[in-house]
Amino acid sequence: MTTTSKYFKEANRMATRRTPPPMEAKADLSPPEKQTDEKVSLEKVFAEVTKMSKTLQVVAADTIAIKETMTELKDTVNGLQVRMDEAEGRISQLEDVTGGLATDKDAKEKKIKVLCVTQVTKSPVNVK
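1 is the number of the first residue of the sequence shown in the UniProt record's numbering; add one for each residue after it.
Quick caveat, the hints were computed from the structure, so don't treat them as lab data. There's no promise every hint is true.
What the hints assert, rightly or not - Keeping only pairs whose Cα atoms sit at most 20 Å apart, straight-line, the calculated PhoX-like set for lysine-lysine is: (1) 110 to 122; (2) 44 to 54; (3) 122 to 111; (4) 39 to 51.
What the hints assert, rightly or not - Across the chosen pairs, the derived CB separations fall in these ranges: (5) 86 to 109: 33 to 39 Å; (6) 63 to 83: 50 to 56 Å; (7) 40 to 76: 51 to 57 Å; (8) 67 to 105: 28 to 34 Å; (9) 90 to 112: 45 to 51 Å; (10) 50 to 88: 53 to 59 Å; (11) 101 to 67: 35 to 41 Å; (12) 87 to 122: 49 to 55 Å; (13) 113 to 90: 31 to 37 Å; (14) 63 to 35: 38 to 44 Å; (15) 68 to 39: 27 to 33 Å; (16) 87 to 61: 37 to 43 Å; (17) 77 to 51: 50 to 56 Å.
Model, not experiment: these values are computed from the prediction. No residue lacks a Cβ here, since even glycine has one placed at the ideal position from N, Cα and C.
Construct the entire structure; sequences and hints are all you get.
Below you can see the structure in the form of structure tokens.
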């Protein structure tokens, strides 16, 4: 009678044991209908994610365009404000000049009246 050591018995037993199938193999054990449903579901999710990604890219491009447009508008408004300030300055100068002319005109009219009155009073009156 041959005696085998405990080690050999354990090794022999492990050699005859089946190894569990890999994880991928387990997925194949499910019914074909379930596999196709999962594939379709994953494809739908992937398609939706792709669609959202494209939408986000478009939105990002639009956002950049909007920022550039806003910068242009701000620059334009600032330019218009500068031009309005310059125009207001010119208008103010013209008003000052016109006001000075009106004052000069009034002063000249008064001088003419004074001169006329003084000449009338100085001129000899012919009384007969």
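Hint by hint, here is what the structure shows:
1. With a C-alpha separation of about 18 Å, the suggested pairing of residue 110 with residue 122 holds against the 20 Å cut-off.
2. Restraint check: the Cα-Cα separation between residue 44 and residue 54 comes to about 15 Å, which is no more than 20 Å; the hinted pair holds.
3. Simply put, residue 122 and residue 111 have alpha-carbon atoms about 16 Å apart, close enough for the 20 Å limit, and the pair holds.
4. A C-alpha spacing of about 18 Å is found between residue 39 and residue 51, which places the hinted pair at or below 20 Å, so the restraint holds.
5. In this structure, residue 86 and residue 109 meet the distance hint of 33 to 39 Å, their C-beta atoms being roughly 35 Å apart.
6. Remark: the range hint 50 to 56 Å for residue 63 to residue 83 is contradicted by a beta-carbon distance near 31 Å.
7. Here the CB-CB span from residue 40 to residue 76 is close to 53 Å, well matched to the stated 51 to 57 Å.
8. A C-beta distance of roughly 57 Å is found between residue 67 and residue 105, which places it outside the suggested range of 28 to 34 Å.
9. Between residue 90 and residue 112, the C-beta spacing of about 32 Å breaks the proposed range 45 to 51 Å.
10. A C-beta distance of roughly 57 Å is found between residue 50 and residue 88, which places it inside the suggested range of 53 to 59 Å.
11. A hinted range of 35 to 41 Å for the beta carbons of residue 101 and residue 67 is inconsistent with their spacing of about 51 Å.
12. A beta carbon spacing of about 51 Å between residue 87 and residue 122 agrees with the range 49 to 55 Å that was offered as a hint.
13. At about 35 Å, the CB distance of residue 113 to residue 90 agrees with the hint of 31 to 37 Å.
14. In this structure the hint that residue 63 and residue 35 lie 38 to 44 Å apart at CB holds, the actual value being about 42 Å.
15. Look at residue 68 against residue 39: about 44 Å separates their beta carbons, and that is not inside 27 to 33 Å.
16. For residue 87 and residue 61, the Cβ-Cβ distance of about 39 Å falls inside the hinted range of 37 to 43 Å, so the restraint holds.
17. For residue 77 and residue 51, the hinted distance range of 50 to 56 Å is not satisfied, since their beta carbons lie about 38 Å from each other.
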